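Let the sequences and hints guide you as you build the complete structure.
Residue numbers (numbering that gives the first Met the number 0), protein chains in the order written: chain A, 0 to 344; chain B, 0 to 344; chain C, 0 to 344.
Watch out, some of these pointers could steer you wrong.
Note: identical chains are not told apart, hence a pair may lie in one copy or across any two.
Result set (SDA-like, lysine to any residue): computed pairs, CA atoms no more than 20 Å apart in a straight line [claimed, not checked]:
id: 1; residue 1: 341; residue 2: 330
id: 2; residue 1: 293; residue 2: 308
id: 3; residue 1: 194; residue 2: 324
id: 4; residue 1: 331; residue 2: 321
Simulated from the structure, these hints should not be mistaken for lab results.
Remember, it's a predicted structure, so these values are computed and weren't measured experimentally.
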Amino acid sequence: MSASYRLSEIAAQFGGRVLGDAGVRINQIASLEAAKPDQISFLANSKYRSQLASTMAGAVILAEQDADSTELPRIVSDNPYAYFARVSALLNPLPEVKPGVHPSAVIGAGARIDSTASVGATAVIGEGASIGAHSIIGEGCCIGANVSIGCRARLYPRVVIYQECEIGDDLIAHSGVVIGADGFGIAMDQGRWIKIPQIGRVVIGNDVEIGANTTIDRGALDDTVIEDGVKLDNQIQVAHNVRIGAHTAIAGCVGIAGSTTIGRYCRIGGSAGILGHLKIADHVEIAAFTLIGKSIHEAGSYAAIFPFSSAEDWRKNTVHLRHLDDLVKRVKTLQHEIESLKLKS
Amino acid sequence: MSASYRLSEIAAQFGGRVLGDAGVRINQIASLEAAKPDQISFLANSKYRSQLASTMAGAVILAEQDADSTELPRIVSDNPYAYFARVSALLNPLPEVKPGVHPSAVIGAGARIDSTASVGATAVIGEGASIGAHSIIGEGCCIGANVSIGCRARLYPRVVIYQECEIGDDLIAHSGVVIGADGFGIAMDQGRWIKIPQIGRVVIGNDVEIGANTTIDRGALDDTVIEDGVKLDNQIQVAHNVRIGAHTAIAGCVGIAGSTTIGRYCRIGGSAGILGHLKIADHVEIAAFTLIGKSIHEAGSYAAIFPFSSAEDWRKNTVHLRHLDDLVKRVKTLQHEIESLKLKS
Amino acid sequence: MSASYRLSEIAAQFGGRVLGDAGVRINQIASLEAAKPDQISFLANSKYRSQLASTMAGAVILAEQDADSTELPRIVSDNPYAYFARVSALLNPLPEVKPGVHPSAVIGAGARIDSTASVGATAVIGEGASIGAHSIIGEGCCIGANVSIGCRARLYPRVVIYQECEIGDDLIAHSGVVIGADGFGIAMDQGRWIKIPQIGRVVIGNDVEIGANTTIDRGALDDTVIEDGVKLDNQIQVAHNVRIGAHTAIAGCVGIAGSTTIGRYCRIGGSAGILGHLKIADHVEIAAFTLIGKSIHEAGSYAAIFPFSSAEDWRKNTVHLRHLDDLVKRVKTLQHEIESLKLKS
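As structure tokens, this is what we get:
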């Protein structure tokens, strides 16, 4: 299926030091446990070093400190995990784009689709939209009027982008993604909610990936902005006028409320949340399931996870949370009483 | 792009007291920070009053107590935020509906589509469905058999409504919304789950908005009901047989379990949850990230957020939660011992 | 609408002991509160026994211990809830499948669609895919290349399955489900994220149901696996290389991080989360809103819910959580001081 490469050819392309038989042929990548003799594996964490003894892999990618832990043909790299990613991309090239517009697609007036781009079956491209070179618009995608999409985009089936949004190069958007829906803007007036028109856009930089069923709302007045290199997992909700800084990575099911600005190189764990109108500094790590309710001005790790236990223990301990203030007061009283007793004794 | 209006024309239409030059022309709305001289801005919160000094806006909407805080042409309103919403709607009218059914749409036998309605490319309308006057069914929407949709609905691309559901007037449903999928009804029988047919419907009142990728399940036996004026943000999950009272607003990623009834004019924060078979009174506010596990019988604000801190502090403090019951017992023991000591001293 | 059945006919088909008039005719199932004289209801929980007095139902399904609580015609069953499910399925048969491919569907080269299967309007079936007997592919579904779907599948409109995934018999997948999108695999290299190709598949057993807008990512190297009889509610996120054991049921909005293995017959409450690379034993129950951060080796119930209260009480109590370690230390100090005082006294 895949082409095969000698270890020496791989190292010639990606660097690293080869130890052992550089002529071994590799045609796929696999975990240490599952690898076969024509496959290469990797050790990204010395903790799993013991698996080297039993792996059937034909070769291994590993770090300097693990270089002598096996006799197998191997490539020594500064960053085995990234090296593995590159080798995997070599062995698993993306399917070739077949340029052209499927006859069942519906193309609006004035849309500009690069001749090297591909538009899948039943996709709908709005009036005045533009699709850059080598981009793939998957089956059933709906691209709104005047949307601009850069080069080499890969939109999987059923992505929706609302009108006027602007997308850089190399976007990957998975199925069910919705970009540019109205933000949640309502004003209460005499017992009824009035809708606030959402007249901003979503502007997305280069090299962004967006997971399945993630939603990014358009801005109320100004734009919602996703900077270069941001990676979003599935089912994330990004509200209107949020800005996510370059190279920030966010795990699944996170919710980010309106007008919050997140810095660069942040990492946010699954199902975390960030309230609205906050600023999060660069290089902030937020644990899974943690709600951030105030701005964070310093890089670092933050958490707010309630620890789980057996339901029985949980019940026994948790009942006191509703009386914590009382407990603190009792302890204060005890301190005073002991001070008095000490004076007397 | 937009038409322009004199301040006097705006006040003639929406009320309010004009101060300063009523002849200034306005063609767009913007924030105080971003507004240009042909744009109007607003001050909804006196906290931001200082921004009035530096804004380039041509006019401002503000409240009585801020009326004298600027020399700019201005409209004084009881509710500047709602006023701003109205002016924005005036300046940003919805695109005109082009009535008619796109040739690529698929219309089931017996479907009744009002002649003023619009059905987009690749949309599918089921047998016996009815679409009211001036409604827009976006590209790729799937409307099930015998669904009834009222007037002036705006369904964005790829909304799905399952068979038999009933929708009032003025629905806005964003892309990826699923209305009427089966509720999660299963019964364990001899080691296997049996599916419980979900034979209720979803019934939605007038003037409801539903955000992208939100799901509302059909009832198991009776209907799931969304009353008039309810506003739902993105990625909300509404389980079977829930009832949401009129004019309640719910932020993104909230989950509401089966058969729960929520009152009128409630406000529920992002990623909150409500367990099943509960009753929530009118005018209840629930904080973000809060799980409601019991019925709430009184209006008011409720919360259950675990406070975040640096991961280090979090670890140090949180370890004690698993021993809270023990701590409380120790404090009780101390109290007894001190009582004894006091008697002796 | 529905056919009608005598109580005796129902009991002949599903077993159970009939008490009272076995000739009463039933054409629908309903709750005790809503049932009419030509409908059957059920009592699954003795707690609601008092509703028997006022129900208008023509017959009731109940357990042995409630058999004498009413004079109504009734069927006594070991498992009234499962019995009700079966009777409901009898009274509410699925609409008949109309075999054939809608003319607007797009079928890839080499796809094998069983002659008894149905492919809806605007659906897209990829090259080499196979659709088993009596399966229904709903409107607008996109089935990727070489996907294999077994018999009697019911895919509601707009389900997406990516290439190469393998699905057993009797799958029910609701609208917006995405199966096989790329897992969230990225490696940081010199300030940029590199994508790790996701070359595994999703493999789904028999008799699985998947709720609206749920996403199941394909494996990074090996497969993501959903075993037989698993039931997933709406908006669940299943990350790459997760394995969910047979007959496990998961409520809405749950997130499961990568490479976690969940046992058989587990029950996971709404909006719960499980971190990555964990093992959860069979027969584990996890409460709603609970994050599981370590492997669970023993069957049982686990919880981590922060208890809600009025916002005022919450503020008062919760502020102390950030000083819990300090409180514990103060209590320890008090214990020492009291020990000293006791020695002296």
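Review point. Can you give the numbers of the hints that this structure goes against, from lowest to highest?
Key: 3
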